[in-house]
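2 protein chains.
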Amino acid sequence: MITVALAKGALLKESVKSFAKAGLDFSAVLDPDNRQLMIPSDCGRARALLVRNGDVPVYVAYGQAQLGVVGYDVLREHQMPVAHLVDLAFGGCRMSVAVKSSSGYQRAADLPPHSRVASKFTQCAREFFDDLDLPVELVHLTGSVELGPITGIAEAIVDLVATGRTLRENGLVEIEELFHSTARLVGHPLSLRLDRGHLQTIVEAMRHQNKKNNL
Amino acid sequence: MITVALAKGALLKESVKSFAKAGLDFSAVLDPDNRQLMIPSDCGRARALLVRNGDVPVYVAYGQAQLGVVGYDVLREHQMPVAHLVDLAFGGCRMSVAVKSSSGYQRAADLPPHSRVASKFTQCAREFFDDLDLPVELVHLTGSVELGPITGIAEAIVDLVATGRTLRENGLVEIEELFHSTARLVGHPLSLRLDRGHLQTIVEAMRHQNKKNNL
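Chains as they are written, first to last, in the working numbering: chain A, 10 to 224; chain B, 10 to 224.
If a hint is listed, it holds; no wrong ones were tucked in.
Copies of the same chain look alike in the list, so a pair counts if it fits in one copy or across any two.
Taking lysine-lysine and the DSSO-like style, the derived pairs with C-alpha atoms no more than 27 Å apart in a straight line are:
id: 1; residue 1: 17; residue 2: 30
id: 2; residue 1: 109; residue 2: 17
id: 3; residue 1: 22; residue 2: 220
id: 4; residue 1: 129; residue 2: 17
Because the hints were derived from the structure by calculation, they are not lab data.
Please put together the full structure from these sequences, using the hints given.
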């Protein structure tokens, strides 16, 4: 039995579509009436675990799921020991530094040393500002990070931006991109090594399908 | 202008009710059509910040909000430097250890050493098992912790339990309580010290109202 960890939320629909093309039908998880968190595939050969974004690499790292789909942002932030297998190219967004549009800052290096920076992704933010050699105080928030500069708890934020609408609505502007993020297929290293072909077939199908999309 | 941090979710309705009795009307935050995260009170003397549970002590610790209402569980887990002012007595739940009902474990000390324990509250769990002198491996999950024992990623979980329905639905049973949690009024220590009576009046009204409830 293959177990696949899928992230609830924005990536779910496309994740199910990717697995469907590779022969595993998890469309039951998209049923709005579905309350189950562990759902068998249509063929009965596999099951999906429906978990929070940040928990996908945990289930895969511990081998409770052999495969998983999760954003690159989560992989960068949590650094769990999972194999990065395929860039699935959907769910594109960028991790960016944003400030109040009235602040006048043009790039991250303009921020005064020891500024406060609010983020859900403090690990990514820490690395970025360390590379700039700019000392900042990171404030870890778990949601609505765009409130940071408005309330004055932080001069800047580091957050995921897709359309930029939330930033605009809150008078914020992106000044620098840390990295671009897309959905990734990840795997449990030991399961991949012990695999007798089942996992490899799925991974290859998803890799191939993605190559086709990119042509 | 007094700023109050309120937690979205289960505590919100009762939090608004408590402040109303103390003279601050934030009922606009309960409007299902409300999309704003910063909402002025009816009298214009104060405003509410609508934030995630875990962010309430952050806004209060940094002084961006002078007062806040948040569960004791969050205060125990994050240990931010805020003043604990009033036990508001609503939002009661308990932090508990739970295991599969088929496991046969009767109390936490029955767990084999080096068991895996999944939790959103790894700090609380760490303290509890350290006090028991039982070495366990903590697995940090961000949601649906009840999946832990079902998937086999953990033998036990430490989680908040209100009615116990989620546990029962997942074949789990509570075996030990870490502590009981209720909503608490917290304050920014420096703002309280510099206060010229405005904050104190609200705190006293909420303390008094709560005493009456308990009689």
